[in-house]
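**Q** Chains as they are written, first to last, in numbering that gives the first Met the number 0: chain A, 0 to 353; chain B, 0 to 353; chain C, 0 to 353; chain D, 0 to 353.
Quick caveat, the hints were computed from the structure, so don't treat them as lab data.
The structure displayed is predicted, hence computed values, not measured ones.
One or more hints might be untrue.
[Stated by the list, open to error] Once the Cα atoms are required to be at most 25 Å apart in a straight line, the calculated BS3-like pairs of lysine-lysine come out as:
(1) Lys141/A to Lys117/A
(2) Lys317/D to Lys317/C
(3) Lys202/D to Lys202/B
(4) Lys5/A to Lys141/A
(5) Lys317/B to Lys317/A
(6) Lys202/A to Lys117/C
(7) Lys117/B to Lys141/B
(8) Lys141/C to Lys117/C
Protein chains: 4
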Amino acid sequence: MSAKLKTAVLGVTGYSGFELARILLRHPRLETPLLLSRSDSSENSAAKNAVPDLAHLFPAISGNGGHLLHTFSWNALQHHGVDLLFLATPHEVSRELVPEAISRGMRVIDLSGAWRLKQAQHRAVYGLEDANPVTATELTEKAIYGLPELNGERLANAVLVANPGCYATSIILALAPLLRAGVVDLERGIVSDSKSGVSGAGKEPSSRTHFVSVADNLSAYSVFGHRHVGEILEQLNLDSRHLIFAPHLLPIPRGILSTIYVHLNREMTPGQVESCFRDFYAGKCWVRVFATPQLPQIQFSLHTNYCDLGFCLDVDKKRLVLVSCIDNLLKGAAGQAVQNMNAMYGWGEEEGLA
Amino acid sequence: MSAKLKTAVLGVTGYSGFELARILLRHPRLETPLLLSRSDSSENSAAKNAVPDLAHLFPAISGNGGHLLHTFSWNALQHHGVDLLFLATPHEVSRELVPEAISRGMRVIDLSGAWRLKQAQHRAVYGLEDANPVTATELTEKAIYGLPELNGERLANAVLVANPGCYATSIILALAPLLRAGVVDLERGIVSDSKSGVSGAGKEPSSRTHFVSVADNLSAYSVFGHRHVGEILEQLNLDSRHLIFAPHLLPIPRGILSTIYVHLNREMTPGQVESCFRDFYAGKCWVRVFATPQLPQIQFSLHTNYCDLGFCLDVDKKRLVLVSCIDNLLKGAAGQAVQNMNAMYGWGEEEGLA
Amino acid sequence: MSAKLKTAVLGVTGYSGFELARILLRHPRLETPLLLSRSDSSENSAAKNAVPDLAHLFPAISGNGGHLLHTFSWNALQHHGVDLLFLATPHEVSRELVPEAISRGMRVIDLSGAWRLKQAQHRAVYGLEDANPVTATELTEKAIYGLPELNGERLANAVLVANPGCYATSIILALAPLLRAGVVDLERGIVSDSKSGVSGAGKEPSSRTHFVSVADNLSAYSVFGHRHVGEILEQLNLDSRHLIFAPHLLPIPRGILSTIYVHLNREMTPGQVESCFRDFYAGKCWVRVFATPQLPQIQFSLHTNYCDLGFCLDVDKKRLVLVSCIDNLLKGAAGQAVQNMNAMYGWGEEEGLA
Amino acid sequence: MSAKLKTAVLGVTGYSGFELARILLRHPRLETPLLLSRSDSSENSAAKNAVPDLAHLFPAISGNGGHLLHTFSWNALQHHGVDLLFLATPHEVSRELVPEAISRGMRVIDLSGAWRLKQAQHRAVYGLEDANPVTATELTEKAIYGLPELNGERLANAVLVANPGCYATSIILALAPLLRAGVVDLERGIVSDSKSGVSGAGKEPSSRTHFVSVADNLSAYSVFGHRHVGEILEQLNLDSRHLIFAPHLLPIPRGILSTIYVHLNREMTPGQVESCFRDFYAGKCWVRVFATPQLPQIQFSLHTNYCDLGFCLDVDKKRLVLVSCIDNLLKGAAGQAVQNMNAMYGWGEEEGLA
């Protein structure tokens, strides 16, 4: 058996970074990953005080600790001989660190939105500024959007993988089979009414994430203006007028359910719709297609890397409602990052994720 | 001052019936209402055992009890001299009791779906059977759909008021102003993605309402097939192909939020949309129109009789997302029933509900 | 009828202050209260930006706004002719403002812990510093602990009422009848295992009140060291070795349940225990005594000013478990403040609170 | 490597049985377990209709099903050559099936309360009736109480293991080190105020487990009368007058936190208390001792087999508050059953549970 891969994760004090660390610590192909946090971290004040062990921040992680948290530095990465760097950092930080990491010979999987978008108009919502625009433009071109079910074969040679957004994952996986089959009436418009648990809003305390603001409540936000719209449009080759995306904040810790409304451009039977999905995802172990009339629920995919897809077809055979569920921290973030790593190194899609 | 009205409520052991009893007990225009439960109630086994006081079932109701629960009988109603009967009963029961109640000279406000629908095709989903079809047909015609903001003037002379469904209330009030203004592109279709707290599913224990099934979860159900579709279509003069309605079960006890997707048939400014709502609901105290960009949240209308309406208009000036929130047990049931009573007797719209 | 009372509330942007404003706005004995927030408020950033209307912060409050938020100043109070000032402010602020308010002829009800404690050792945990220690000492002596069921007759002439802590209210009301009757074996020790909803931790966002930290969780905190211990001991004439108090944070927005473990120093029957409670609270409308075996639950007292008391007595007739429930924002804060006002002015105990 | 063990689980449609099936399906020492449900099951109506696949009942279980549910029969067990039978059945059923299973040469791990109690007075609360009282008495004597941290060495030869109750596990593991060390003042009494998530109440729908009854609530129940008291007393050699146990129902799906109040009979330092726990559980991988002042929270042990223990010691050095957390479905049921199996067969304590 070949030598084990050397990995590092920066940003393990956030929700996604922690989930990622937890998975990587058990992944059979890896040496113990280097767990990193930025010393000037604004995301978590505890991290500033030289937290020595991840188990102090997340007591759930283990019985006896031993998961030291190191402060990020290029020397530390170099010294450790890191092959693959995971970034669970704000997009500004990822945009800054990635060129250097790649110039130092590492491959990178970035969980932020920094490198997902090819079109400048979509990238604009992130307000990214690059120290070296030429390099940045080049890397933007090279970056592979890390949705393995769609771009799996391109991941093998990727040096930079842009891990998709959580909402985007749930929506793209639901729509791709139908759009590739050419059966969607785009002129009538697609609606994605998506609902997410609170971990999707990040760990930073705010009045919006205060328990009393969220419990016994539901609210819509960023209607027409959410950052994930750009990557959905790019990956599905859609125009902005084809899609309305309205996110909502659910009173649950984690999980996303997207209800997606589509008009077909021809009559289809439920069996044909189901086949469209099953054929598209044949051999992909992390997408589960539900047979009508059963629909996915958020609970079913919690704490798993599955994307669950189901649908209801109207008796008119043309109006179709899709339901897509993921765990936003796993298939929507850390789990998918590991799935991308597996694809980059030619390992089994399910390794470390079962 | 005139004599106080004599009322009775049948079905006070359910969620809506209890909320109704609680409001009526404090309504300044009423004698103490007669609280009734059916002796053969299948909805609540405790009711079978001659529960003597409502406070035993709902300890929240008062400090010292004194709210006796009587078993339903026509004699009891007659003896009490009831003028107005509220039915918070299953639709089959309402369909059976209403003709008799009206023949005995009472006016009726029915909270079930039994008398809401004029068209037989919509009524069919309830599977109603009438002992006297002639009377039933006549009453079906006479019944007023009790949405006071739309049908207020017709309530003054109503003998039978069909209190709207909770989802239907949230959707009709959001759409009526735009549809009456003729600005909706019906051919593109309207989508209502609605989310409800669990009390909307009733008090009967089931695997679906078990805490463990609901908590940390979200699920869609009855897509394309919910009973409330009929009343929405009838009240808004829509065809079934104009509307997709997908209800979802939220992990909260009460409250509804409907996110409604509409295409306008002309360009409008946010100010024009807001005016359309404000003009339509001018002088109506139980609808609150939010100025963009603020959107209603479920918390804002909980424990009130308000319907809160807000919207987002796309930069294309034609794609419109409406957000409508109510407390399903108040504006969606008991509060609206009291509002209907106020309209039937010419009292102030807010009496007993503030 | 006499002229209406002129009141002001400082701190309406917090949870308790908002609940207080909401009650006072409907209280029949009052002129419209002056709603105040400190301009240098650190508790709510929105308040800094000259929020013009309380309904902007709490959209639930009304349909049409009109509840202007003013910035606190002594001139504003004087100009308005305020008779009674409510302080829903941090204890340091209350400690500073109260002497001035009283010197200006106002009566004060303070919701903080600043004036609750007579003994310096207990006050020490608040770290209070007084500009004029002589005045402060004098006011500390004069301050009446505002638990109307215990100190009702002393409230009529009070110039300064120290509104009790939420945990303390639930515990003192449960224990007072037994302790006054001399039936508690103090040497065996009393345990209060108390559980509170998150609003008790205040509105300030923190990692501790983040939804993801609280949901699906329960945690104990401040065991042996909670600030409310002092007032419980003082009001019940206990020594610190008599009581263990362990608070817990519940995944609910509001409500407190205290489970209190007591050893009786003589055998009692359930009837005798119940009588002890009923006799003690005879004529008090805001305490409800439950007959065994029914126990209070948090839901029963939510959104009410009740303190619900119940108990289980062991077959040994000496081991007693008390259960005490309140809504921490009402009987535990704002509702009790209004009850205190009613007592101060000789109004009915239930006025404005029903 | 030796042949894999043949196991069966009866009762996989309940919460504990399902969790057990999920673990066993991945346990490296086992052949695929036989998943069984009783045909006359009253616990789950869906089970009656010959549910073919566990994934239909619990869609979370896998992507592609293949986990057939068989109807229980002795022939099926015999045919399958089952070595070890897990019973996740009501106690009456376990009491009936165990003698037959053992007479057929199987070893049994029973998750119910049927075989946990040696003393008839404690067993009486279960109202058990035995077809063959002699055999039953003999088996009652032979049954090993399956708390591996206490009875690990006796499990190697056990034919019948009585898996502990969930509350009992959390309490016994917290108290055993101190009681064995003889440092508890029993005369002052021990209080366990325990709080459990709703899955502890089972999957059967009832008004008590209805979402609306549980959400935003907390309630005490079965104070002085819970079934788990007997096993706690027996395992810890306590008399009933030494312990007060008050369970509470939390608005969360799973997890138990027990807050336990103890008086020491001598002064101890925090370090001595911590050592008492660490020494007792040295080498036990499923108990984690927290260093003061950190306390366990329910979240930390969710979805793990850990029992987390922490404590607060008063400045008097004698009053001690213990906090003990487990996942009621894992360390409190299915996880512990697997841990017992590991001990019975001499496998590593953590096998299949990591």
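**Q** Between Lys317/B and Lys317/A, is the straight-line Cα distance small enough, at 25 Å or below?
**A** Distance of about 24 Å is within 25 Å: holds.
**Q** Checking one constraint from the list: CA of Lys5/A to CA of Lys141/A, max 25 Å. Satisfied?
**A** Distance of about 23 Å is within 25 Å: holds.
**Q** Holds or violated: Lys117/B with Lys141/B, Cα cutoff 25 Å?
**A** holds, 10 Å
**Q** Check the hint pairing Lys317/D with Lys317/C against an upper bound of 25 Å on the C-alpha distance.
**A** holds, 24 Å
**Q** Please work out if Lys202/A and Lys117/C have their alpha carbons no farther apart than 25 Å.
**A** Violated - the C-alpha atoms of Lys117/C and Lys202/A are around 41 Å apart, more than 25 Å.
**Q** Is it true that the CA of Lys141/C sits at most 25 Å from the CA of Lys117/C?
**A** Holds. Lys141/C to Lys117/C sits at ~10 Å (cutoff 25 Å).
**Q** Please work out if Lys202/D and Lys202/B have their alpha carbons no farther apart than 25 Å.
**A** Holds: Lys202/D and Lys202/B sit about 17 Å apart, inside 25 Å.
**Q** Is Lys141/A within 25 Å of Lys117/A, Cα to Cα?
**A** Satisfied, since the Cα-Cα distance of roughly 10 Å is no more than 25 Å.
Violated hints amount to a single one, hint 6; each of the other numbered hints is respected by the structure.
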